[in-house]
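If you're matching them up, the sequences are chains A and B in order.
The numbering of the first sequence is the working numbering, which starts it at 65 and goes up by one.
The numbering of the second sequence is the working numbering, which starts it at 5 and goes up by one.
I should point out that these hints are in silico values taken from the structure, not numbers from a laboratory.
Treat the hints with care, since some could be wrong.
[What the hints assert, rightly or not] Listed next, the in silico EDC-like pairs over lysine to aspartate or glutamate satisfying Cα-Cα at most 20 Å (straight line):
{"no.": "1", "chain 1": "B", "residue 1": "583", "chain 2": "A", "residue 2": "213"}
{"no.": "2", "chain 1": "B", "residue 1": "602", "chain 2": "A", "residue 2": "516"}
{"no.": "3", "chain 1": "A", "residue 1": "250", "chain 2": "B", "residue 2": "540"}
{"no.": "4", "chain 1": "B", "residue 1": "732", "chain 2": "A", "residue 2": "495"}
{"no.": "5", "chain 1": "B", "residue 1": "532", "chain 2": "A", "residue 2": "246"}
{"no.": "6", "chain 1": "B", "residue 1": "309", "chain 2": "B", "residue 2": "327"}
{"no.": "7", "chain 1": "B", "residue 1": "766", "chain 2": "B", "residue 2": "797"}
{"no.": "8", "chain 1": "A", "residue 1": "250", "chain 2": "A", "residue 2": "226"}
{"no.": "9", "chain 1": "A", "residue 1": "498", "chain 2": "B", "residue 2": "737"}
{"no.": "10", "chain 1": "B", "residue 1": "602", "chain 2": "A", "residue 2": "246"}
{"no.": "11", "chain 1": "B", "residue 1": "336", "chain 2": "B", "residue 2": "504"}
{"no.": "12", "chain 1": "A", "residue 1": "459", "chain 2": "B", "residue 2": "448"}
{"no.": "13", "chain 1": "B", "residue 1": "444", "chain 2": "A", "residue 2": "407"}
{"no.": "14", "chain 1": "B", "residue 1": "554", "chain 2": "B", "residue 2": "522"}
{"no.": "15", "chain 1": "A", "residue 1": "456", "chain 2": "A", "residue 2": "495"}
{"no.": "16", "chain 1": "B", "residue 1": "678", "chain 2": "B", "residue 2": "448"}
{"no.": "17", "chain 1": "A", "residue 1": "498", "chain 2": "A", "residue 2": "516"}
{"no.": "18", "chain 1": "A", "residue 1": "519", "chain 2": "B", "residue 2": "702"}
{"no.": "19", "chain 1": "B", "residue 1": "701", "chain 2": "A", "residue 2": "516"}
Small disclaimer: the values here were computed from a predicted structure and weren't measured.
Single-letter residue listing:
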Amino acid sequence: MSTVASRRSLPAEDHLPEKGRGATPRKRRSRSDPDSVTPSRRKIPKSHGLCDACNSPDSPLRENLPRLPVRKRLFDNVVERPVWNPADVEQVRVVNEALHVSTAPKIAVCRENEQSMILDFCKKCVKQEKAGSMYISGCPGTGKSLSVEIVKETLVNWANEEQIQPPDILSMNCMFHAQTTEIFSKVLRKHCPQKETNFSKLPQQLLHDLYSQKLALDVKMILVIVDELDYLITQDRTMLQDLFMLTTLPFSRCILLGIANAIDLANRFMPKLQCLNCKPAVITFRSYYKDQIIKILKDRLRALPYTVFQPQAIELCAGRVAAASGDMRKALSICRSAIGMLEDEIRESIHSENLSSTGKNGNQQKSADFDWLTSQVNNLVRIDHVAASLSKTFKSPAVDTIRSLPQHQQIILCSAVKLFRAGKKDTTVGELNKFYRDVCKTTSIPPVSIMELSKIGRLHELMSTNLFSGNHRTRTIARRKQKTSSIKSRFSRHCFCFAGNSLLSQLSAVNFQEA
Amino acid sequence: MAETPKTKKSKASSNKTPNLKQSISPPTPQISTTTNTTAPRRSLRLTSATPKKFQQSAVTTPKIRQNDPLSSPTTISLAPASPQLTESKRKRKTENGKNEGFETKRASRNVDKNARNESGRKRVYYKKVVYDGGEFSAGDDVYVKRREDAASDDEDPVVEECRVCFKPVGKRIMIECDECLNGYHLKCLKPPTKEVPEGSWICNYCEARKSGKKVELPDPPKGKKRARTAREKLISSDLWAAHIESLWKDVDGTYWFRARWYVIPEETSVGRQPHNLRRELYLTNDFADVEMESVIRHCFVMNPKEFSKADNEGDDVFLCEYEYNIHWHSFKRIAEIDNNEDDGGGVDSGDDWNSCDDSESDTEEDMEYDIESRHRLLSGPSPAHSLAANSRKGQIYGLQKIGTKTIPEHVRCRKQTDLERAKAMLLLATLPKSLTCRDKEMNEITTFIKDAICDEQCLGRCLYIHGVPGTGKTVSVLAVMRNLRSEVDAGSIRPYCFVEINGLKLASPESVYSVIYEGLSGHKVGWKKALNFLTERFSGENQCWKEDSKPCVLLIDELDLLVTRNQSVLYNILDWPTKPNSKLIVIGIANTMDLPEKLLPRISSRMGIQRLCFGPYNYQQLQEIISSRLKGIYAFEEYAVEFASRKVAAVSGDARRALEICRRAAEIADYRAKSLPLSNSNTAVIVGMGDVEAAIKEMFQAPHIQVIRSCSKLSKIFLAAMVHELYKTGMGETTFEKMAVTVSCFCSSNGELFPGYDTLLKVGCKLGECRILLCESGAKHKLQKLQLNYPSDDVTFALKDSKDLPWLAKYL
């Protein structure tokens, strides 16, 4: 598995430095120069000129075009390789491992552009021994930390090749730190590990002093990678400013890479930072497109010597995930749960085969389209597996929950819906109780007492089935108009949605029409 | 024992010399129990409980010794039941054995006893007993035989041998590996060393094993069997260790003692943890009466302080730092005070029977437990079983008593009637024998955990379980964990750590780190430090964690309570499983259905998609749950159970509530049965529909009706006026002024005395405090706004047939 991966990774890694070198002639002025020709806010270029041919298309316009070739390639793959055997525990294990979040791929597929940008930036800074800051934003699961991690390694390799002193690297996740100021002390410790920390001054002040003196030029460059940067937003926002300001000091030796989800985090500080002559470069990691997800999944699976997924299954998964969030983690876990489903199915079929060997016909009919694969297709993860696991993931649990509610809770819910259909925004427990009693009377079900009713209301709030939300027993007299609590059906819209479908019509059939 | 033990006796002579105590006692019938190892022995652990007062004496014995060191050389008998405390006694010793040349001197059994020439109808308690050549006193620690017929007991413990050359210690220095506890001559090591290394030392074999190689320890020379020492047997649970609480002679002349058992870490519910030392024991709160015959010899259990000093003490030294509660499976650090009393067995040099411990010579002929001046002598193959097979071994001979759940006393002990048993079984605290109705969910959890654990490379994963209260979420997970634990014991799956956390029990969300860290390592540190350690561990940076990295299952109950303002706690916990070498499995339980959606996207992205929903029970399931608890107890009509479960299922589907209702119904029926005249008492009373109905009424009935019915006259008038006002105006709320007018109108027309505004205002405020009314603060006086907090129907219903104010009905 690793051999294949490394073989593949070689050209790409060669490719990156090349690109980097190619980009060096770019005008490189001060990292903080706002007039710099280098677009300080680098979006992923929309123009195709910068797009490599090997990259999957970035613009949605072109999305439709490459589909055919992609599918063709997928089919080719199927032909090339043997189909895996999901009954083999070892194979399942390997596949699961390949699809697990924790196995980081050697190269970040579909993120070459962004990577090369970050790498360029770092190289530039290291070469010129100048400080700089960059802000990387993007939705969760878009490969930010992974790309930075890869850049980090590449940078060190590059520096060794070029005979440049590689920078110190300090990467941290702000979430892991109890105190935000720890970052500064860590940077400081990296700079001068032997020195006793001076407790009279704060670490950020010490760093500030260090970077203001010419002395600092003896110090090695340091690459600080700060993951989950937004955790540093404190009340007065000084933390973040201090951090970015480190890079603006005259003799600063610090290259700062900040990673966070928010796109506008840097913008929010822009005014203040701009007047400090510091404008971090911004790179946005977009959510993955469908084709990118397909590519990444395939890349992960390529290392395996056998086919696991039907190409259509991967396509479906990628399409749905891309449409929903573009979160790669989600795509991976969906694939894994689909594999689990296949495993279960096979286990069951083996079980049933032992009982009766006539169960095969149905499957064969299903896969009639793939006659040439009939023998093997049963072992592949098919569309229906992925669809099931997708629906498990994206389905709101509300419907099932409401369906499984006890009778009285359903009646209460129904009466609430009836109330809100009348156009009310919120109501009181007392009023709801009246409605509820009416419903109960019509169906001759003995109603529960009002105490029980408010308990149920609170229960709903507790489990956040979110059918009700309210503040109970408001003490203030101002709220007295809403007798005990204001029940708002936050999900009343939800309820309306269901009104058309099974539950409510069924309930109303039971509860309203019976009378 | 006037002489110093050093000079007193050599082994050979002591067999024949009667050891005269300074205190003389009348001659006593001597009990000679010949040693016959093959003779059937009595059951070693009698479950019969000693009477309370004896226990008392057992507890006080060591204290007396402590307070009065002078008395310790003499033997004191504490017999609370008998008056002759001051009677003098003599200790006599006779020789019974014949073959001194026998390799193990224990074979020659000398029975010395402190006996009383009393009638012997009662138990006689002693402070010290010389039995079978060894002196045992309350407060000592001893090895006790575990099995009656185990072959391993036939061969007696031998002096350790070097693991390489298989020669006994001799003059040469032997050192002990900290990992496998094997002993090695310094010369036999490769390369040979002269000096005893400082700090901890690990033998070459263990090092090689750690680095992943397969190691073959040298085989013993042909014809020589490797004998195991008592210590090894104990650690592989072939022997018991016990603490002697008290000693006595029974009516029939046999000697008994009350033992407080020690357990080895494998026998606890959590199994051996990485932080356990090889020689660690836990003191349990499990007692048993054991015959002296099954005692082998002394061992020495020490607290950590002594243990650290006891560098050269020898093989039978153990460390005990924690007390283990076998019922609750909890650990408690033994207080310092206890240590001085209990664990000082090896150190009290004031007592002459102890002073021999650190000397070359020995008391009597009990050579084995002597400590020779050598480093540590050890031998034997590593008793470490990769699959924790130890705990399996013990189960054959009743060990499952320790380390497994026991049914609480009130369920187990005598129960005459079915009703009482039913009541006990329906208690919420009673753990059901098997969990019904959650098979599907439990299967899912099992496969979830198993999938993760069984892989060589344990991939981290998360599972989120949600459901309304009382649907068996926590119970199911714990049941699954119990099943898995037994599978671990059976050796079919690899061992794992299990840490259980309840969010409600945490002082702050951050303290979860220190709890997890304590669960994994046994050390208590602050949460910041713990966070650092844990991050290191799960991201696989730290090497020392890697070696013994078992998969870790983390169960967090009430997960939603860990949500902090910036949600960093949850982020961290859910980020660990995504790290390459974490081997962490997180199971979160909460009520909220959509917790992942409410969290920050970066957290829900890490949480994965595995969810499990526990829906409310329907009535069939509730019925099954109740009847499975009541299996074998005929106390409920079938319809009664169904009725109760249907009632609960219609409202909440909460199993706890259904059990409560049934229990209450059983109580009502029990009460009914007891109030029956005696002549009828033969007929068994069973719980019927009526009882359940009554219980449901009690449970579901709102208290406000009762409160309104029982409140004062004036309050009733006040409430009636409220209702009247409501009907008249149709408005929900009214002012106090209007109310006062209505009330005065009521009063005057019905011949009641109008109490005046002040009193009325006070009444209004009181009703407001009961929350029957909602009212503004009393400062507003006349303009105070009032409103009924309950439906007017309820108030009408409550007031309609009040006896003291019949006229109220016409206004309602």
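Going down the list of hints, with the structure as the test:
no.: 1; hint: B/583 <-> A/213; in the structure: holds (13 Å)
no.: 2; hint: B/602 <-> A/516; in the structure: violated (28 Å)
no.: 3; hint: A/250 <-> B/540; in the structure: holds (16 Å)
no.: 4; hint: B/732 <-> A/495; in the structure: holds (19 Å)
no.: 5; hint: B/532 <-> A/246; in the structure: holds (12 Å)
no.: 6; hint: B/309 <-> B/327; in the structure: holds (16 Å)
no.: 7; hint: B/766 <-> B/797; in the structure: violated (25 Å)
no.: 8; hint: A/250 <-> A/226; in the structure: violated (28 Å)
no.: 9; hint: A/498 <-> B/737; in the structure: holds (17 Å)
no.: 10; hint: B/602 <-> A/246; in the structure: violated (29 Å)
no.: 11; hint: B/336 <-> B/504; in the structure: holds (17 Å)
no.: 12; hint: A/459 <-> B/448; in the structure: holds (19 Å)
no.: 13; hint: B/444 <-> A/407; in the structure: holds (17 Å)
no.: 14; hint: B/554 <-> B/522; in the structure: holds (15 Å)
no.: 15; hint: A/456 <-> A/495; in the structure: violated (37 Å)
no.: 16; hint: B/678 <-> B/448; in the structure: violated (47 Å)
no.: 17; hint: A/498 <-> A/516; in the structure: holds (14 Å)
no.: 18; hint: A/519 <-> B/702; in the structure: holds (16 Å)
no.: 19; hint: B/701 <-> A/516; in the structure: holds (13 Å)
When held up to the earlier numbered hints, the structure conflicts with 2, 7, 8, 10, 15 and 16 and fits the remainder.
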